[in-house]
Amino acid sequence: MSYFILPRTAAEVQDEIAASARARRLARNLTQDELARRSGVAIATLRRFESGGAASLSTVLAIAEALEALEGFSTLFPLPEAKSLDELNEAAQRRRAAGRKKG
Numbered sequence: 001m002s003y004f005i006l007p008r009t010a011a012e013v014q015d016e017i018a019a020s021a022r023a024r025r026l027a028r029n030l031t032q033d034e035l036a037r038r039s040g041v042a043i044a045t046l047r048r049f050e051s052g053g054a055a056s057l058s059t060v061l062a063i064a065e066a067l068e069a070l071e072g073f074s075t076l077f078p079l080p081e082a083k084s085l086d087e088l089n090e091a092a093q094r095r096r097a098a099g100r101k102k103g
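The letter at position 16 of the sequence shown is residue 16 when you use UniProt numbering, and the numbering goes up by one with no holes.
Hints are computed from structural coordinates only; laboratory data are not their basis. For every residue, glycine included, the Cβ atom is placed at its ideal position computed from N, Cα and C. Certain hints may be false.
[Stated by the list, open to error] Have a look at the derived ranges for each label pair, beta carbon to beta carbon:
| # | residue 1 | residue 2 | range |
| --- | --- | --- | --- |
| 1 | 11 | 93 | 34 to 44 Å |
| 2 | 79 | 38 | 40 to 50 Å |
| 3 | 47 | 82 | 16 to 26 Å |
| 4 | 85 | 15 | 13 to 23 Å |
| 5 | 48 | 93 | 16 to 26 Å |
| 6 | 43 | 82 | 45 to 55 Å |
| 7 | 81 | 10 | 17 to 27 Å |
Can you make the complete structure from the sequences, with help from the hints?
Written out as structure tokens, the structure reads:
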């Protein structure tokens with residue numbers, strides 16, 4: 001039997017991150033007030049994040065830092081793996097995306 005993971009929507013990922021943050025807060029026996037104080041995030045913002053996942057990136061990072069969970073963010077946008085030396089050399093030379101043609 002084979003299993004595959006369906007692509008998730010942004011809303012599903014958002015909900016998963018919020019639920020994980022809440023679970024980590026509870027596992028560390030922190031109240032919302034304590035996490036808000038440690039992270040520098042307003043209590044209303046933290047409650048809104050935990051209940052619906054909506055928050056700015058800076059808010060999520062502040063909460064993650066307070067929960068000692070920043071390590072996962074470094075792998076958020078992995079670079080594609082080169083399949084050949086030519087691709088590796090090409091990637092090393094590339095500094096920015098190609099511009100769009102106007103007109």
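Hints not upheld, ascending by number: Hints 2, 3, 4, 5 are the ones this structure does not satisfy, whereas the remaining hints hold.
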